[in-house]
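Participant: Taking the hints as your guide, dock the two standalone chains into a single complex.
Residue numbers (our numbering), protein chains in the order written: chain A, 21 to 133; chain B, 3 to 115.
By construction, these hints were calculated from the structure, which means they are not laboratory data.
Computed from a prediction, not measured in an experiment: that's the story for all the values here.
The reader is advised that the hints may include incorrect statements.
Listed next, the in silico SDA-like pairs over lysine to any residue satisfying Cα-Cα at most 25 Å (straight line) [as the list claims (entries may be wrong)]:
id, chain 1, residue 1, chain 2, residue 2
1, A, K125, B, T88
2, A, K125, B, Q87
3, A, K62, B, F12
Label pairs and their computed distance ranges (CB to CB) [what the hints assert, rightly or not]:
id, chain 1, residue 1, chain 2, residue 2, range
4, B, L115, A, G36, 27 to 37 Å
5, B, T7, A, K79, 18 to 28 Å
6, A, P46, B, M43, 17 to 27 Å
7, B, R46, A, H32, 17 to 27 Å
8, B, P10, A, E90, 43 to 53 Å
For glycine and all other residues, C-beta sits at the position ideal for the given N, C-alpha and C.
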Amino acid sequence: ILNVEQSPQSLHVQEGDSTNFTCSFPSSNFYALHWYRWETAKSPEALFVMTLNGDEKKKGRISATLNTKEGYSYLYIKGSQPEDSATYLCAYTPNQAGTALIFGKGTTLSVSS
Amino acid sequence: NAGVTQTPKFQVLKTGQSMTLQCAQDMNHNSMYWYRQDPGMGLRLIYYSASEGTTDKGEVPNGYNVSRLNKREFSLRLESAAPSQTSVYFCASSEEVGRQTQYFGPGTRLLVL
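Looking at chain B on its own, in the form it has when it is part of the complex (with noise of 0.2 Å):
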């Protein structure tokens, strides 16, 4: 039991290369977030999809796109990526949307040059 995988671990970027950040669960999970960390801004959500099928915004989502592939992916998608997405990007699941507990992947880190 894996719980929640993310790929890659680390990436570095040029301005306006695109990217696809891979996330699964293997909890049966019903809901999947997109994160991104900041220093001194805490977590703030991308998107989420709160089931197979649905997607929805967070608070930061201009410029990145999101795929629900089945219930245990849910892919985050720069297309053409900014310094500005520099930063350290986290998956979640949990059963429900916003009323359980989440569970966290290992978090990707992003540099765009």
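Only chain A is shown next, with the shape it has when bound in the complex (with noise of 0.2 Å):
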């Protein structure tokens, strides 16, 4: 069984704080590893997709950088703002065709202003 796991599950933070979670995947077989962000009430949205070691991405105040060696990404915002309260998915893609994303639980960020 393919497990994404995310941490931590849950993260407080004031206006201003930076902060990062950890998304590990499976170090064999991989192809791609997503970022979503999805907001309470809403459908997840698609930040970055990933697949070289080493990648980096960065949207605005979020960047993400991918370890596939050690299977691992990390996914950073920088001065946290209250309109980044979400839950932050990530999903694994094996490399093997016809295989669906694999998502982690995510990890739910609340930013107090």
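Facilitator: Written out as structure tokens, the structure reads:
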């Protein structure tokens, strides 16, 4: 069974704090790692797709890194704002044709002003 | 360009009733998916369709059936609803299975009494 683990499960920070979360996935048979942002009462929206070891992606104050050899990805948020409050999901794609994304359970971020 | 649409938005069923959740996408995507979201469980894959004419089981297929009616539409049927199927159901699509960004519909909230 392929497992994707995310930590922490939830996180509460103050406005302006920087924070980061971890996604762990099987390091063998890797194809891609996805990050999604999921606001309450909305649908998940894609943030990043990363495929190469050492990949770094950035979107405004949010960035992500990828280490395929050890099987982890970090998502960073710099200077958190209340509008960053959401659940952040990562999903792993194994290098096997026809296999759907395998999602982690997410990290729920709450940012207080 | 509506993206992924789902109907209905909300439904209440009695135990034993049947219903079909509808999903359509207008992005000419090959692959479509059905997920359920439950508290603390993240997104769990019910069924997916890699391409028109094919369907495969996901992590939690029991109690559900699917039909890939054409390239645009992918329906999920509950033949005999149970309280354990109370959940929020999301449909998603991508260019090909597993390897591309998934685009999610707005969700269907289902309550089984």
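Participant: Hint by hint, say whether it matches the structure.
Facilitator: To see whether the hints hold, each was checked on the structure:
| no. | hint | in the structure |
| --- | --- | --- |
| 1 | A:K125 / B:T88 | 18 Å, holds |
| 2 | A:K125 / B:Q87 | 19 Å, holds |
| 3 | A:K62 / B:F12 | 14 Å, holds |
| 4 | B:L115 / A:G36: 27 to 37 Å | 45 Å, violated |
| 5 | B:T7 / A:K79: 18 to 28 Å | 26 Å, holds |
| 6 | A:P46 / B:M43: 17 to 27 Å | 20 Å, holds |
| 7 | B:R46 / A:H32: 17 to 27 Å | 26 Å, holds |
| 8 | B:P10 / A:E90: 43 to 53 Å | 45 Å, holds |
The structure fails to meet hint 4 from the earlier list, while all remaining hints are met.
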